[in-house]
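Colleague: Got chain S; can you put chains A, B and Y with the ligands on it based on the hints?
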Amino acid sequence: MIPNTIAITPQLVAEHGLKPDEYKRILELIGREPTFTELGIFSAMWNEHCSYKSSRLHLKTLPTKAPWVIQGPGENAGVIDIGEGLACVFKMESHNHPSYIEPYQGATTGVGGILRDVFTMGARPVACLNALRFGDPSHPRTRHLVSGVVAGIGGYGNSFGVPTVGGQMGFHTRYDGNILVNAMAVGIAKADEIFYAKATGVGNPIVYLGSKTGRDGIHGATMASAEFDDKSEEKRPTVQVGDPFAEKLLLEACLELMQTGSVIAIQDMGAAGLTCSAVEMGAKGDLGIELDLDKVPCREAGMSAYEMMLSESQERMLMVLDPAKEKQAEAIFVKWGLDFAVIGKTTDTLRFVVKHHGEVMADLPIKELGDEAPLYDRPHVASAPQPTIAPESVAAPLSNEKALLKLIGAPELCSKRWVWEQYDHLILGNTVQAPGGDAAVVRVLDGPKGLALTSDVTPRYCEADPVEGGKQAVAEAWRNITAVGGQPLAITDNLNFGNPERPDAMGQFVGCIRGIGAACTALDFPVVSGNVSLYNETNGRGILPTPTIGGVGLVDDVAECAGVGFGAEGEALLLIGDTAGWLGQSVYLRDICGREEGAPPPVDLAVERRNGDFVRGLIRSGRVRTAHDCSDGGLAVALAEMAMASGIGATLETPPPGLPLHAALFGEDQARYVLAVTPARADAILAEARAAGVPALRIGRSGGDALTLPGERPISVTALRSAHEAWLPDYMAGKAA
Amino acid sequence: MKAAVVIFPGSNRERDAGRALRDASGHEPHYVWHADHELPRGTDLVVLPGGFSYGDYLRCGAIAGRANIMDAVRAHAARGGLVLGVCNGFQILVESGLLPGVLMRNAQLRFVCKMQHLKVDRADTPFASAYHVGQVIKVAIAHGEGNYVADEDTIDRLEHEGRVAFRYCDADGHVGGSANPNGSLHDIAGIYSAGFNVLGMMPHPENLIDPLVGGTDGRGLFASLVDHFAATAA
Amino acid sequence: MKARVTVTLKTGVLDPQGKAIEGALKSLGIEGVESVRQGKVFDIELAGADRARAEDALKAACEKLLANTVIENFRVEIGG
Amino acid sequence: MKARVTVTLKTGVLDPQGKAIEGALKSLGIEGVESVRQGKVFDIELAGADRARAEDALKAACEKLLANTVIENFRVEIGG
Ligand SMILES: Nc1ncnc2c1ncn2[C@@H]1O[C@H](COP(=O)(O)OP(=O)(O)O)[C@@H](O)[C@H]1O
Ligand SMILES: [Mg+2]
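Residue numbers (UniProt numbering), protein chains in the order written: chain S, 1 to 737; chain A, 1 to 234; chain B, 1 to 80; chain Y, 1 to 80.
I should point out that these hints are in silico values taken from the structure, not numbers from a laboratory.
All C-beta atoms, glycine included, are put in the ideal place defined by N, C-alpha and C.
Honestly, I wouldn't trust all of these hints.
Unchecked claim - Straight-line distance between alpha carbons at most 27 Å, and here's what the computed DSSO-like set of lysine-lysine pairs gives:
1) S/K735 x B/K19
2) B/K26 x Y/K26
3) Y/K10 x B/K2
4) S/K284 x S/K325
Claimed, not checked - According to the in silico footprint, chain S covers these stretches of chain A (three or more CB under 8 Å from chain S):
5) 12-19
6) 42-55
7) 112-124
8) 201-209
Said to hold, decoys possible - Cβ pair distances, simulated, as ranges:
9) S/R124 x A/L109: 25 to 35 Å
10) Y/A47 x S/A733: 24 to 34 Å
11) S/T349 x A/K114: 52 to 62 Å
12) A/L109 x B/E34: 16 to 26 Å
13) B/K2 x S/A14: 26 to 36 Å
Next up, chain S with everything else stripped away, as it sits in the complex (with noise of 0.2 Å):
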């Protein structure tokens, strides 16, 4: 075993990722040197991943506050009032760097670990989500990371048992090293019956639940110790392996234990486990916390007080218990088949004391190990302006009937069938709207309320405005909701960025930030909880800024919320919001001209809004059951999905004026819906339209059965259908690039 006292070399703090001057504060704040294990547990708190220390300055900015908020960022999940009692728990987090590793095991236990914050405040799970990005489809690795991931977020979200209900894919070079895999879990709760990690009471038993502690993850600083270890046999992975079936039975465990009303506080092992949860249970309620780890259930024979501290195994929750519940809680726990067992105290030391085997292992302040956490304010520099590409600059190279079918056959505007039939979207019968539209929509209960949900961004315009594309994911987030009816209420956001420490990426974080925070205040969209995933870069090179946004929305009943597809033929098709024909940083002009470039489309906070607020309306008045936005492919690519969703075809009979029409059909301007409707309201709706200041205009009718554009051959549904469906099943088949 390693033993406690090892000497502290500068080599040995720097693989523990501690800088020279945090290795100084830390000894100044404890006045000695510190032990082995102390310095394990400093390592897991002062990394990014916990204390946040290059971007909580920036997070602070962030709106977080708006009547219907219970908890903002701060707790485990994100909590927001849905009415009736009932309250949402939401958040997301990324599991990339664990999943370019391994991708079936990155993924599961991604998913794993955001269900577990969700049901540790007392929800019940009732939605996934993720965002996945991939590199080049031609890179080596691409294919298999693909299968890995969706297999894996399949594999844990279906065994568990809550459906998978939407989510993003997407494929560029820039993630070729670095794969991103964010996960976001929904659940619902008793809104007078969410629990927290504040611990209180002096002397209450601190319980351990869940499956037993291994080696799993103890990263970088394993290969260290390992010069320590002379029995050292083969290398230990640091791969952690989801199990959720364990995790299954630790929901039903710990929503049966809160019934009883014995949790006094709550806390699930996720990043360094036994330490992160311990130290945040204690320091958030003023108060010491003992631990003997000689009762930790461990996996393994001769684990140290180092590893035991720093273990990632899955599946695993730390309780303050009510001391007069203990029989009836380790019986639930009993039954369920999991281990139940007190391993330490609240005390009134302030102190955080770690034991094994009779000694002390660590004796630390505890609330300084978060609180007195560094803190960088790290030189940033705003990205270079990009020109703004005017639409009559840009020739087009193919007719707009081809372009279309490109586009819409590419891997990124290409059918995702594929990915969420893997996923069981179905279960738990609530599953109003399933993938494949606009947001996710799920029944709350019985109805007649409803979640809707979504998660989006949009790298490519992040990358070339970051101020832009931060309002830019917001806007779609909520345009999203919008377009089923829904009333957007709160956002979880995943802030997946570069190296921090390289100037231009934090510039990049900072103005994703700042554009973050401007439309979550113009919108009433306030963050509730978020994760930050920094240094995803391989040899000098950055991932695209992706600050990935999860949308929470409440549709007042399921029954009335609209739906992609066409409902009849012959229905008039109304465009809301001004159509500029903005072709800067749209897939058009990627994908058919091969330009990745311009200023990307800028986003008018009040005009979204407008827009918004009025397609809204209109829905809830049941005037509209067919809506969608136009995001990625502009107006062209919404009315091809339309079509495709209903088996209806469509006529643009007259496109925005003005533009080059390759422009208005593929131009990617923002706050603009498709709506359909019954012909003899579209004067009426157009009417009020003008009366609001919201732009509308009448451009064409559905029926047929096929998508006709100005000037061009109709294409039948079905040709649109097997363009979109075919790319990524071919390509996992190895028969696309």
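Modeller: Chains A, B and Y with the ligands alone, transformed into the frame defined by chain S:
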């Protein structure tokens, strides 16, 4: 109709089954824990719900098939009592010897969740009287191991005795080819026991009971059961 | 005492997974692969030192759970 | 030529399957079971008669597909 839904560790569609039973019969079913030795007195129908009992580790349904409660379920079936196994429940029925054959990994080796059409092969049973033979219904599937395999003799016997309950088909009722989502022999989606009192099926009728959530074609199965018991009670 | 139980599919039983792996190996250009069948192994630690008893216990384990004897064969080896 | 490839989890890697099977064997009353870890076997038919070449081909197969070398070990045995 007094229904009992068995909960194994890892079951996860027990509430879906409960909702469908409640919807059809007006009564909440009993939930029975796998470690129990007995079914509630007077149980008419046992439902083994979908899920991943024991994580589907070893083989789907294998560990659950040997749970305490399964002795009681076998005895119930031996008395002619009705048993419905859906998805993981079907796998458990097969593993516990109540139905023949095995459910292997889907031919394309992936989990598949989607709407799926079925052709009703048999409508003169307590489970399917609300349907008619040849009727095409739309239900959901969600499984990774639903590929029904049995030796030739068994398949012959099933066919000869008319024990195939449902077969995978397309929207127009064409059986076979790409309409088969998992490679099942003879496009089998569900089978009956020799006494037609035990039904195992991979698809999820319990998820198709609501016009807002995919449709209502699954209701017939639960309505049939309610009718059956209403008739026997009368 | 360590033991290994190997469970394999009976001849004639379809093995979709084996087939798929066979196809994948061929397409990866692995030379000479004619067929693949997949099975399972269980490495089991046992208390006690009586080999015969251990063997009996494991055979019972196979019959009762580890193998689906309708389609699978099993083999028990007791190690050191 | 027949060959068998055995793929097992590396020490320390969590084996949820093994854990569940272990629990089931215990509750079925199988005597003396202390721990179970599950692995896979692949029984492979190979063309050709060169054992060394076959072994190389199978090692490549393991690296590329049969084993997930991040968490699994493999062993190749060439039979008769
Ligand atoms: N980008 C962000 N925006 C808002 N809140 C954030 C962000 N990143 C993290 N948070 C909040 O900080 C807290 C700690 O985050 P994290 O360490 O990821 O949680 P956990 O320990 O539950 O995994 C959480 O409450 C989370 O919601
Ligand atoms: Mg957490």
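Colleague: Each hint should be assessed against the structure and marked as holding or not.
Modeller: Now for the hints, and whether the structure bears them out:
no., hint, in the structure
1, S/K735 x B/K19, "19 Å, holds"
2, B/K26 x Y/K26, "41 Å, violated"
3, Y/K10 x B/K2, "16 Å, holds"
4, S/K284 x S/K325, "23 Å, holds"
5, 12-19, "holds (count 5)"
6, 42-55, "holds (count 5)"
7, 112-124, "holds (count 3)"
8, 201-209, "holds (count 4)"
9, S/R124 x A/L109: 25 to 35 Å, "31 Å, holds"
10, Y/A47 x S/A733: 24 to 34 Å, "26 Å, holds"
11, S/T349 x A/K114: 52 to 62 Å, "58 Å, holds"
12, A/L109 x B/E34: 16 to 26 Å, "20 Å, holds"
13, B/K2 x S/A14: 26 to 36 Å, "41 Å, violated"
Violated hints for the displayed structure, listed by number in ascending order: 2 and 13.
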